[in-house]
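A.B. asks: Sequence:
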Amino acid sequence: MKPFVFMMLWACLLSTATLAQNTDQPDPLRPSAPDSTKKVTPAADTTATALGQDDEKELDDDDTTHVDYRFRFTADGTFTSGNVSRSLLQLVGSFDLALSHIAKLSTTPSFVYGRQSGTLNEREYFGDARVTFFHEKRLYYLAFGAYEKSNLRQILNRYTVAAGLGYKLLSRQRAYISLTDVLLHENTDFAQLNDINVWRNSARLFGEYTFGNDQWSISHTTFYQPALSRQPEQPLNVRWNASISLQYKFSANLSFRTTFANSYESVVVPGRVNNDTRLTLGMTYEKK
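The sequence shown maps to residues -20 to -1, 1 to 268 in mature numbering (1 follows the signal peptide of the UniProt record, and there is no 0).
Here are the simulated SDA-like cross-link-like pairs (lysine to any residue), alpha carbons at most 25 Å apart as the crow flies:
{"no.": "1", "residue 1": "Lys129", "residue 2": "Gly262"}
{"no.": "2", "residue 1": "Lys268", "residue 2": "Pro11"}
{"no.": "3", "residue 1": "Lys117", "residue 2": "Leu149"}
{"no.": "4", "residue 1": "Lys268", "residue 2": "Phe91"}
{"no.": "5", "residue 1": "Lys129", "residue 2": "Leu216"}
{"no.": "6", "residue 1": "Lys268", "residue 2": "Gly107"}
{"no.": "7", "residue 1": "Lys129", "residue 2": "Leu208"}
{"no.": "8", "residue 1": "Lys129", "residue 2": "Arg252"}
{"no.": "9", "residue 1": "Lys117", "residue 2": "His200"}
{"no.": "10", "residue 1": "Lys268", "residue 2": "Ser197"}
{"no.": "11", "residue 1": "Lys117", "residue 2": "Arg154"}
{"no.": "12", "residue 1": "Lys267", "residue 2": "Glu116"}
{"no.": "13", "residue 1": "Lys117", "residue 2": "Leu79"}
{"no.": "14", "residue 1": "Lys129", "residue 2": "Ser209"}
{"no.": "15", "residue 1": "Lys117", "residue 2": "Arg184"}
{"no.": "16", "residue 1": "Lys117", "residue 2": "Ala183"}
{"no.": "17", "residue 1": "Lys268", "residue 2": "Leu150"}
{"no.": "18", "residue 1": "Lys267", "residue 2": "Tyr228"}
{"no.": "19", "residue 1": "Lys267", "residue 2": "Tyr49"}
Simulated from the structure, these hints should not be mistaken for lab results.
Between the sequences and the hints, there should be enough to build the whole structure, so can you do that?
C.D. replies: Encoded structure:
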């Protein structure tokens, strides 16, 4: 049995949960791994190539693998029928554009739609815009704004703006890890709860690794966002979410992907639980 066929069957058996918000946010500064479908020109240093040292070197500013733009679109979800009818569809886009050696523009919009037994549970919108400064350096700076609307968590509108810095802990073609920390201001308008206007610290750890002749990849993202200020009578206000994805590349542009994600918010409207999980499978189209 082909590896990706087994993975599809496994994901179909386990895809039963739902999640309120998208946590799949790739790092736009992650260097591109060479396409296994393309012919690779031998390196000048054949000894180094034989030892695999070219894969381990970090990318320089003038490296020929520098990417000016990258586009990714993913469609995944879960659909079941019978005693319980359930449908979940998630659409995620990602576009990165290097405006210069100084600045890079990125956006990762998403839409989630879910119904269960004829009832609309999820209709989630998320849009953002991010500018990264000195993106080719190990230490970089970023600023972004985002808008979110959630039927599942009864969020009418959520606006966030943030600025901070990031650091590339590891920046290789086949292994990349970054850590960012920003100061974030959030304004959330709940349907049945007092609005929240709060400052947060937002820390994110992202990692992505390719292997198996670059046909397989694993990526993970973790956010932790505690509130920096609150009134004594108010409950603890903290948000965190995490996801991990396994991806198999059919060709240079098309891949199969399965993702497990978990999200937690300490402040939710009455009748809603704090924690949500999701396991989905789908296809990804990427152009770079």
